[in-house]
Structure formats: structure tokens, C-alpha cells
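Residue numbers (numbering that gives the first Met the number 0), protein chains in the order written: chain A, 0 to 458; chain B, 0 to 458.
One should not assume that every hint holds.
[Stated by the list, open to error] Partner residues aside, some chain B positions facing chain A, computed with beta carbon under 10 Å:
| hint | residue |
| --- | --- |
| 1 | N14 |
| 2 | C18 |
| 3 | P23 |
| 4 | Y49 |
| 5 | P137 |
| 6 | I192 |
| 7 | Y194 |
| 8 | F208 |
| 9 | K210 |
| 10 | D370 |
[To be verified] Pairs of lysine-lysine, PhoX-like flavour, derived with a Cα cap of 20 Å:
| hint | chain 1 | residue 1 | chain 2 | residue 2 |
| --- | --- | --- | --- | --- |
| 11 | A | K451 | B | K91 |
| 12 | A | K382 | B | K210 |
| 13 | B | K398 | A | K382 |
| 14 | B | K221 | A | K382 |
Just so you know, these hints were derived from the structure itself, not from any lab.
Just so it is clear, CB atoms sit at the ideal spot from N, CA and C, and this is done for glycine as well.
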Amino acid sequence: MAEDLAGSITERDDFIVTKGKNKKQLKCDTDSSAGCVSQRACVYCGARVVLNPITDAIHLVHGPIGCATYTWDIRGSLSSGAELYRNSFSTDLKEQDIIFGGAKKLAAAIDGLVNKYQAKLVFVYSTCIVGVIGDDLEAICNAASRRHNIEVIPVESSGFIGNKSAGYRAAGDALLRLIKPSAPAVIEKNNSINYLGDFNLAGEAWIIQNYLRQMGVELNVTFTGDSHYTALKSAPKAKLNIIQCAGSMIYLAGKMEELYQIPYIQISFLGIEDTATSLRNIAAALGEESMIVKAEELIAKETARVEDIIKGYRTKLEGKKAAIFVGGGFKAISLIKQFREIGIDVVMIGTQTGRKEEYEIMNELVDDGTVILDDANPAELEKFMMEKGANLLVGGVKERPLAYKLGIAFIDHNHDRKHPLSGFEGAINFAEEVYSTVCSPVWKSLNALGMKSGVANHG
Amino acid sequence: MAEKNKENVPFRNVNENPCNMCMPMGGILALKGIEQSMVIVHGSQGCSTYMRRHIAEHFNEPVDVGSSSLNEKGTIYGGEKNLRQALDNIRKVYHPALIGIVTTCLAETIGEDIERITGQYLIDKEMEEFPIVTASTPGYGGSHFEGYFFTLKRILMQLTEAVEKNNKINIIIPNISPADIREIKRMLALMQIEYVLYPDFSDTLDRPFAKPYTKMSNGGTKITDIRSMGGAVATIQMGITIEDGISPGKYLEEEFGIPLYNIAIPMGVESTDAFINTLVEITGKNVPESIKQERGRLLDGMIDSHKYNFQGRSVIFGEPEMVYAVTKICVENGVFPAVVATGSQIGKFNQLVTAAVAECVEQSKILIETDFSHILAASKEGKVNIGIGPSDGRYLTEKGDIPLVRLGFPIHDRVGGQRLLSVGYTGTMMLLDRITNTLLENKYKSYRSSMYEKFYQQG
Chain A
0 MAEDLAGSIT ERDDFIVTKG KNKKQLKCDT DSSAGCVSQR ACVYCGARVV
50 LNPITDAIHL VHGPIGCATY TWDIRGSLSS GAELYRNSFS TDLKEQDIIF
100 GGAKKLAAAI DGLVNKYQAK LVFVYSTCIV GVIGDDLEAI CNAASRRHNI
150 EVIPVESSGF IGNKSAGYRA AGDALLRLIK PSAPAVIEKN NSINYLGDFN
200 LAGEAWIIQN YLRQMGVELN VTFTGDSHYT ALKSAPKAKL NIIQCAGSMI
250 YLAGKMEELY QIPYIQISFL GIEDTATSLR NIAAALGEES MIVKAEELIA
300 KETARVEDII KGYRTKLEGK KAAIFVGGGF KAISLIKQFR EIGIDVVMIG
350 TQTGRKEEYE IMNELVDDGT VILDDANPAE LEKFMMEKGA NLLVGGVKER
400 PLAYKLGIAF IDHNHDRKHP LSGFEGAINF AEEVYSTVCS PVWKSLNALG
450 MKSGVANHG
Chain B
0 MAEKNKENVP FRNVNENPCN MCMPMGGILA LKGIEQSMVI VHGSQGCSTY
50 MRRHIAEHFN EPVDVGSSSL NEKGTIYGGE KNLRQALDNI RKVYHPALIG
100 IVTTCLAETI GEDIERITGQ YLIDKEMEEF PIVTASTPGY GGSHFEGYFF
150 TLKRILMQLT EAVEKNNKIN IIIPNISPAD IREIKRMLAL MQIEYVLYPD
200 FSDTLDRPFA KPYTKMSNGG TKITDIRSMG GAVATIQMGI TIEDGISPGK
250 YLEEEFGIPL YNIAIPMGVE STDAFINTLV EITGKNVPES IKQERGRLLD
300 GMIDSHKYNF QGRSVIFGEP EMVYAVTKIC VENGVFPAVV ATGSQIGKFN
350 QLVTAAVAEC VEQSKILIET DFSHILAASK EGKVNIGIGP SDGRYLTEKG
400 DIPLVRLGFP IHDRVGGQRL LSVGYTGTMM LLDRITNTLL ENKYKSYRSS
450 MYEKFYQQG
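Pulled out of the complex, with its shape left as it was, chain A reads as follows:
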């Protein structure tokens, strides 16, 4: 062969740093390189995961069937009411639609679905080919909106226009459009807060809602876990926005501050430390003495309840090493602290779509020698987990089999999980999950002596 193929992919060099070793700035928030086997999905995916938890909306994918198939009911987002969001609707574009355009089909699809399900809200997601064949989504949606006197909102999520972060932005734009008051009247403010960036996986938003209720804080609406049309419409009335998943929501929060004068604070409910800090910060931001008192009561009560349980796990887990590769930066940051709570050090950490500010915080939190990497691929995950001697990996569905094949424990921090990881409740679940995988007896079998060789083999 004519060229040297040894070594790693050079265009990935800037996306990987080792703390303490090199001073260079980690590169992030840019397109994935071709052939690098990125773990990221696309713009459409980003938009869909953010909007899909809106329970009473019709989520219609304008495109070929695959985009709808691979995203049907994939999030474990729970609903206290409507179930419409758990369907995956598609215009199922075929060859003739690509040639002649899919506009008529889309309009008819919206009509059919609205008549059948009587929804007040439709999201129409654009996919790669729609961006190329040039169907005028805006015009089609506007016309349908007038025809049915409901909201039909286009989501500009053609897969090739950027990475997953661009999808978060597209979802943000769709949400801004939804919450915009119809008349330019003065918005009547109330004392409630909006909670941004919780998708109610395994009821996590409900856990937080209960905490807030105990503190006397009124939750206006969650973006977007267990949310619905009417509740979302009231979003501009809130006094404060709290953001958890900043990667997907910081754009929306900034816009809401600009348009509706709602200030925001960043919080995280992953782990005891961050949960307690977040509850305190919310009470402080709202400034009511009774809330501050009640927050402290809640924190004291819950911490006492979970601390002993966590300590029990800590004795079993002390000294183990963790590798982290998750979607967003906030999760990664909280996980560093959460692992510390159970005596585990982080030796490798990365995200699909973390932002510069988030990587800076990670860099501050981790020990020297920890590898920090953006948009990693399986080869890199394998390399650094082995080099650093990681005992466990935190990741999503695609990373799980890699960890297992390497004989490494695994924590599911994905959208499909069926157990909450938020709040004090989640902290227990997290420790228990780490224990269940790190201390499982199956690893012993890997080191079993194995089978003896027969005499014939020695002949």
C-alpha cells in the first residue's frame, strides 16, 4: 500500500487533552470528522429528543421512514396525561415524492392526523431530503395552522445542517414560537418558575416537582418532560427559569430572558451535592425566607436519609476508577462529583455535545492525568479506558456493548433507562447501580481457570 496507515487520526488530536500534561484548549462544538465513527446522531435527533416529551402534540416527521422508525417511543419520558407523543408519525416519503415534492402529502398527512387525534399542536420535523428537495415547510405549516385553527410548527432539523447541537437550537426556535403570546399584550407575571432541561425520564421531573412543592415553590411548566400545550403557553409568565440540561436549553433560556425578562440560573439534580446546592440556589434566587428555610429542612431530612445508604456503597466502591462518555456537559460535570460521593475517581471524561464552558469546569474538577475528550469514537474510548485502567464506563446504548466486551462495568445514563437518577432518590439508585455492575460476581468468571487441555492436544 502506498501510504502509512499507522497511528491515530490526526484531525482528532485537538479534541483530546490530558489534564496537567498539555496546556492546549480542547476543541469542541464542531462537526464530526468523516470516518471517525462518531457516537453523535444528527440535527433531527437533537430536535426530536427535546420536543418529543411534549405529551399532547402530534410529532410528524416529514421524510423517509427510517427517521421515524429509529425514534419511535425511544425516550423513557413519562406522562401524567396524554399519550399522543408516544406515536411516531411519518409522511413516509418515497421516490416519486422526492421527484415531485412532498408538499401535498405533508398537508394531507397533517389534515388526517389532526382530524383523527384532535390535537392542538403539531410539530413537523424536517429531515435531510426535505432540506434538499425544497418543500416549503413554513408555508405548508402556516396554511395547515389556519385551516385547523391550531398550532402547526415547523422544526428546521435537516440532518446535514450541523450536529446534534443545531437540533437543540431548532427545537428551541420551535418552542419560542409556541410560547409566543398571540397578542402583544403585557404579560402578567406570577411567582412561579419554569424548569428547563428535564425530560421526565423515569419520572425525574416529578421527583423535582415534589421537592419544589415542599419548599413552597410553584412550578409553572417543565421543558419538556410531561409538558403539554396549555402549560407551555403559560411559560412567559414565570419569574425564573432554572436550567438543568444546559446543552439543549441554554439557547432557549437566553432568548426567554431577552423576550420575556425571565432570568435563569443553572442547576443540576444529579448527586447529593448538586441537588442540595441547586435547591439552595433556587430558594436564594426567589429570595423568600420561608423557601430558604424549607429548602434547608428538606436537604437536611433527605441527606440524613440517603447518606448512610450511600456510605454503605462507598465502602465497597472506594478506589475504583470511572470513565464517562455522555451526551451533554452538565451530566458529565455532575457525574464527577457524584462519583466522588461514592469514592470513585474519574480517569476519562467526554461528551458528544459539551460546550467550551462546560469542558473548562470538567478540567477544573478532575485530577491530573485524566483524559478529556470531545465527540469520542469507540477506538478512543477503548484506548483510554484500557490505558487508564477504568473499572466502569458511564454511557449510552451504543457504548454499553463495548464496555462489556472489554470486561468493564457499565452505567446506563441514556434516555431509555427505567430508573430515575435525579435528586436524593436518584443518588441512591446511582450508587446501587454502580455497585450492581462493579461488584457483580460475573467478573469473577472471567478470571476462572477455564478448561484444561486434553492429552491429545499435547501430542
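With the hints as your guide, set chain B onto chain A.
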């Protein structure tokens, strides 16, 4: 009578909960069965990631697939640069012996000529002997079922040569489980038959745990074997439903004059007999006693279970080839196939299934190019009490209270999809037991309460 969604107003313009995946998915699965191969999906990043996730969750195996990560620039000016970079990087990290390139909606819509691009790439790199196989698989061009067979045909078109006659039989298989593939190989070994099984993902997608981990897995159909398929005695293709245009067996027949035996997947007595008899017919070999015993045990088990099975009214859904095979098993055992459905658009399907169910007392409902909302409606109408198909059928359980026997691809909510054995006499028995026991479990679950309600309370 077969019904297409089209005739089933008012939803002809929309697919509600898809019962099929897209073409490149099939292409990836086919290529995963070739030794030391890597796949690049030419399109935006999301396609490859979604499909990797879908495959990884079913097989519980690391599934590394490259992407040309087309962005806005590539979409406007062409994706050649991206594809070449992807080829470079995939070769650097994985050192594959073959690279398969499948396309997507986006690549096809912007008119990418991948044969020209890859041809030029090989010339520029002075490696014209290196096998790069290409398959044009736009998502809107068909389902994963067609993508699978079309890609198999494309590989043959690009690799297989007119060679001297050999003694081997080509065995072309559809998307069955690794356990099924191993069972077919076991039967062939018992019959002392020389063969090339194509494609063979029994090891590549179901790897034994072994240290150290290697990025490329062992196994798969050997490239040299694929090259020599043009010299085989005969081809047995388990693809009775596939159209000639995408049939790899048909291609071998037309191009190299190799007799084609197109048979159903060997599931059930009749279809497994057909497989064995075809082998006997081609080779003149005797059937060993052990296989005869397996057949006898199957018959024995069928008698044991026949009255329970007679209570069954099934909905069978998924890929056409698997659906057809399961329909035959149901009919053989007195389980009435009330609804027989596929999301693919296959012309022969209606005729074949109609013939298979001809002797049933009631008329089956056959659905082609359908979705789960139609399957559910037909199942309710047909008073179905058991579903057989991939795990997306959990929708039928949730909405229609129909217990599900998981079979085929994908199975995401249970472990062991790759280990499900359902072919041959022994596999048929195992599948039939799963069906019978599901019927029994469901009957016993409500037996006491339903009898009480039916008779005691009325009295």
C-alpha cells in the same frame, strides 16, 4: 385480500408507527456478515448512528459503522471529499479487508456517484485491488429487507468471478439470528455438505467474550469464498418472497448459470423438509439418522401441543421472509394466522401468503406496506390472542392486550434476540414451544377469574 395502506383511507398519506426500517439498515446487516469488513454510510452523521444504535441494542455487540458525516457544504458541493476522508480514517483505525459503502436519502438526492468516487480513490491510492463494494440504498427506495438483499447482490456483482466449477453449494440467508445461522451450519455439517454461507454474521454479531478485545471480529463469509460463488454446484436461497431484481441467487443463475433453488426459511416441517430435500436432490447424499430423529421429535411435540395451539389466533408481522415462514408454522399447527403483515412493499407476498393460508377455515387479513396502527386495528377486528414478531410489537401488547412472542429483528426490550433459535426441526420446536407456552400463560393468567365472572356471577 391484501390491503395496502393506500386503500385504507383516511391515512394514506401518513405512516403511524412504522413496521419497517430503511434500506441502508439492510445494507449494513448484510455487510456485517463479510469477513474483516467495515461499512461506511454515505450521508449525514445521524443515519449511521441511529442504525448502529438499533443494531447494537439487538445484538448487544459493539457495532462500529463509519459515516461520511455530510454537512451543508458537502450537500451543496458534493460529498466526495467527505467520503474520501472517511475511507482514509476507516482504513487507518480498522485495517479492514473490505469496505462496503451504502448510501442514504441525502447522498442519492444530491446525486452522488459513489462508484466513480471510490474508483478514483483506489487509483489515487494505488490500491486498485482493494475491494470496495458499493450499494445505492436510499432510505426512500425501500425497506431494510430490500436493502439487505440488494446489497448482497451488489457485493456479488462486484466480487464474484467466473471460476472453475467447485463442489460447494451457495447458501444465501435472510436476516435470521446468529443462533439460526449456526443451526443451519450444523445441519449442513451433519449432511456432510460443502457450502458457502452468505452472509454469515453468526460470529461477527454474536462474539464470544475473549481477551484481548479486537476492533474487528473474526468470522463472516470469506472474501475468497464470495469470489468463488460463481463456480458453485447450486444456490439455495432462503428468499422465496424477494423480487428477482434484487435477488442475489437470481444474479448468480443469470450470470454464471448456477441453478437456483429459492426456498422458504426452513421453519416448520414442510419448509425444513424442503430444505433437506433440496440438499439431497443437489448432492444425492443421505439424510443422517440424527436429523431424522430431530424431525420425529418435532412431530411428537407438535402432537403434544396441538390442542393448545388450536386456541391461537395470531398476528404475524415483520420482514416478509420471516413473516411467510412463521405463517407456515402457524398453519401447520392450527394457530390461525388472523393477520399477516409486513411494512415492506413486496409484490409476491400477497400471493404466497394467500396460498399458505388457503386451507384455513377463516380468511386471513394480509397487510402489505403497512404500519402498526393498521396492524393493531386488524388484530382487534380479527380477535387476535397472540403476536409474533420483533419487539416493536409491544405496541400491540400495550394497546391491544396481545401477548407477544418476540422473533426477528429488532428485539430491544428483552435480552437474547441473537440467541433465539427458530430454524430447522429443532429450532421450530423451540419456537413452537414459545408460542404454545405464551398461549398457555395467557390462558392460565385469567382462567379462574374469567370462569368465575362468566358462570358464577351470572348464576
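Structure-based check of each hint:
no.	hint	verdict
1	N14	4 Å, holds
2	C18	9 Å, holds
3	P23	8 Å, holds
4	Y49	4 Å, holds
5	P137	8 Å, holds
6	I192	27 Å, violated
7	Y194	28 Å, violated
8	F208	7 Å, holds
9	K210	7 Å, holds
10	D370	8 Å, holds
11	A:K451 with B:K91	38 Å, violated
12	A:K382 with B:K210	14 Å, holds
13	B:K398 with A:K382	45 Å, violated
14	B:K221 with A:K382	28 Å, violated
Of the hints listed earlier, those the structure fails to meet are numbers 6, 7, 11, 13 and 14, in rising order.
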